[in-house]
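Visitor: Here's the letter readout for the chains.
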Amino acid sequence: MIRIIIRRVAASVLVALGVLTIIFIVVRIVPGDPASLILGAGATHAQIEQLRTSLGLNQPLIVQYAEFMVNALRFNFGTSYRLGGDAMAQVLQALPATLLLAATAMALVLLFSTVAGVAAARRPGTFRDRAISGGAMVLQSLPQFWVGILLIIVVSGMWHLLPSGGYGSPLNLILPAITMAVSFLGMLTKMVRNSSLEQAGEGFVQTARAKGMSEQRLFYVHILRNGLLPVVTLAGLVLGVFLGSAVVIETVFAWPGVGRLLIESILNRDYPVVEAAVFIFALIYIALNLVVDLLYGLIDPRVRVAVTA
Amino acid sequence: MSEQIEIDPTGILGSGSKSRPTKATIRERRKRRIWPALIPVGVFVFFAIFGPLIVPFNAISTNIVERLRPPGSVMANGSIAWLGTDQVGRDMLGEVIAGARLTLIMAVATIIIAGIIGIVLGLVAGYFGGWIDNVIMRLADLQLAFPGLLLAILIAGVLGPSVRNVVISLAVTRWVTFARLARSSALSVRKLDYVSAARLLGASHIRLLGRYLLPASISPLFVLGTVEVGSVVLSAASLSFLGLGVPPDQVDWGSTIAAGSDYLLSAWWISTMPGIALAGLVLSVSLLGDKLQARFSAARSR
Numbered sequence: 001m002i003r004i005i006i007r008r009v010a011a012s013v014l015v016a017l018g019v020l021t022i023i024f025i026v027v028r029i030v031p032g033d034p035a036s037l038i039l040g041a042g043a044t045h046a047q048i049e050q051l052r053t054s055l056g057l058n059q060p061l062i063v064q065y066a067e068f069m070v071n072a073l074r075f076n077f078g079t080s081y082r083l084g085g086d087a088m089a090q091v092l093q094a095l096p097a098t099l100l101l102a103a104t105a106m107a108l109v110l111l112f113s114t115v116a117g118v119a120a121a122r123r124p125g126t127f128r129d130r131a132i133s134g135g136a137m138v139l140q141s142l143p144q145f146w147v148g149i150l151l152i153i154v155v156s157g158m159w160h161l162l163p164s165g166g167y168g169s170p171l172n173l174i175l176p177a178i179t180m181a182v183s184f185l186g187m188l189t190k191m192v193r194n195s196s197l198e199q200a201g202e203g204f205v206q207t208a209r210a211k212g213m214s215e216q217r218l219f220y221v222h223i224l225r226n227g228l229l230p231v232v233t234l235a236g237l238v239l240g241v242f243l244g245s246a247v248v249i250e251t252v253f254a255w256p257g258v259g260r261l262l263i264e265s266i267l268n269r270d271y272p273v274v275e276a277a278v279f280i281f282a283l284i285y286i287a288l289n290l291v292v293d294l295l296y297g298l299i300d301p302r303v304r305v306a307v308t309a
Numbered sequence: 310m311s312e313q314i315e316i317d318p319t320g321i322l323g324s325g326s327k328s329r330p331t332k333a334t335i336r337e338r339r340k341r342r343i344w345p346a347l348i349p350v351g352v353f354v355f356f357a358i359f360g361p362l363i364v365p366f367n368a369i370s371t372n373i374v375e376r377l378r379p380p381g382s383v384m385a386n387g388s389i390a391w392l393g394t395d396q397v398g399r400d401m402l403g404e405v406i407a408g409a410r411l412t413l414i415m416a417v418a419t420i421i422i423a424g425i426i427g428i429v430l431g432l433v434a435g436y437f438g439g440w441i442d443n444v445i446m447r448l449a450d451l452q453l454a455f456p457g458l459l460l461a462i463l464i465a466g467v468l469g470p471s472v473r474n475v476v477i478s479l480a481v482t483r484w485v486t487f488a489r490l491a492r493s494s495a496l497s498v499r500k501l502d503y504v505s506a507a508r509l510l511g512a513s514h515i516r517l518l519g520r521y522l523l524p525a526s527i528s529p530l531f532v533l534g535t536v537e538v539g540s541v542v543l544s545a546a547s548l549s550f551l552g553l554g555v556p557p558d559q560v561d562w563g564s565t566i567a568a569g570s571d572y573l574l575s576a577w578w579i580s581t582m583p584g585i586a587l588a589g590l591v592l593s594v595s596l597l598g599d600k601l602q603a604r605f606s607a608a609r610s611r
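If you're matching them up, the sequences are chains A and B in order.
Using my numbering, you'd call the opening residue of the first sequence number 1 and step up by one each time.
Using my numbering, you'd call the opening residue of the second sequence number 310 and step up by one each time.
Hints are not guaranteed to be accurate.
[To be verified] Straight-line alpha carbon distances no greater than 30 angstroms define the calculated DSS-like cross-link-like pairs of lysine-lysine that follow: (1) B:K340 to A:K190; (2) B:K600 to A:K190; (3) A:K190 to B:K332; (4) B:K332 to B:K600; (5) B:K600 to B:K340.
No wet-lab data here; the hints were simulated from the structure.
If you're wondering where the values come from, they're calculated on a predicted model, not measured in any experiment.
Can you build the whole structure from these sequences, using the hints too?
Guide: Spelled out as structure tokens, the structure:
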């Protein structure tokens, strides 16, 4: 087991290095000369040349790359052009708001998708099942940012119940968290339903039923326990995807997290912050994947046996 | 409970016999029909192609006097703005239809480009195996280390807002799904007798890939392409909503929703109307995708 852990951790470190390389290629090479971008259209040739030297842009690309990687591994992405101060510090300062939002949405998704998925799986083919499955599909099709906007129009604008944006009180958290949860609520509900139904056809279920176990106990103890396994895998991924959708949702609700910081930095070409924010998001996502991978072996012994063998 | 679980959900067992079909089989067959799911998608495609001819729309012309009119208002020239007018007085109906065209163009272009890149790389990886396979699939894994839209947002942000750049940034991040499917299909076919026979007869790598491996994988890839349209439409709209999508002189649904978000409490229709169209399109595409998937997996298990 320890060898597996070491191998997975090493693989994750490699992926993190690869992510940094992609960031370097996209941000430092694709857009052209950063110096003229920073200085704007009015800069003289001499000014650009001076900035190029001080930024190290006149060095060979491979040297720039090595320097970027070494600094990035120390979490040093340079100074924010727009806000001043260390770029990574700006990102880390905004991170708790994003994590709070993602965790709340996660709790909502897990709670409601399990309840709805179980309700559908207990009576497959009935009206209840079809209503839940159909609803799940509709939820998956809704554009997230538009759900947020509708919630603002109805809940804040027409009913005056909750604030339309901002940060500080738990009331501010409700609408963005619901918005973030909506589309994955559909996806996970469908998943809980389908994987529970798959388990219901397995041999061990028939054995237990033949031995006279009550349907109630059979479902909650045997079927559901196995049916929730794929949900564990997906739950980790969903939390990661939440980080990606944070950019859109934080923009809709003026939520001061990393997502809004990222989009404002992109629009203002504040690349050190962009690099730091993208790296932090990817790093969290990689770590989540790693944890899910290892947890899965812990929850389901069959996976562990298969990997070791 | 057990008797409620369908043993034969696709109706294959029932439809195999020549005897008169039972009511249940007829119902199953009806469920598997594809054309009803094509109708809603067809409506969107029709409006994207012919809509701008029926309801003309000019993104640049503005009419400040008649801005922010609610749906159903009668305009000064006697026409009715069925969906209202936006913040610069443009007719929302025309705007939504014009948005349908641009949204569909971006989605289809993205799918085609991502599909071609993904299919070529995936087939090559599965066919040759070895280090080529390793390099291509590790590259794919690397892209998946960016959560959700993040890589597309990064690329679109760096390239600047334009229709072409939306397509580039989405295609670059979407090829992975196609590559994985093409690779697994190439892996399952490449050792089959008819491929070996062709190889022994002296067929070149290109010929083997194009004439023997590609046809074997084309129908699942086609289904995947359909399913992906929905999520690409959502991604493109998200980019436009963030200001990284279409430039200001063009409209798609995402940019119209963003423009309306400054008027949520005074003119709700600006953001609501294109959102309904967007959700409707994505829902119709995923209904069609579900049908195609069911049909395809039934055909394969036969």
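Visitor: State for each hint whether it applies.
Guide: Okay, the hints, checked on the actual structure:
Under the criterion of a C-alpha separation no larger than 30 angstroms, the hint pairing K340 of chain B with K190 of chain A is consistent with the structure, at around 19 angstroms. The hinted pair formed by K600 of chain B and K190 of chain A meets the criterion: a straight-line CA distance of about 16 angstroms does not exceed 30 angstroms. Simply put, K190 of chain A and K332 of chain B have alpha-carbon atoms about 28 angstroms apart, close enough for the 30 angstroms limit, and the pair holds. Using a Cα cut-off of 30 angstroms, the hinted pair K332 of chain B and K600 of chain B holds, with the two alpha carbons roughly 21 angstroms apart.
At roughly 8 angstroms between alpha-carbon atoms, K600 of chain B and K340 of chain B fall within 30 angstroms of each other, so this suggested pair holds.
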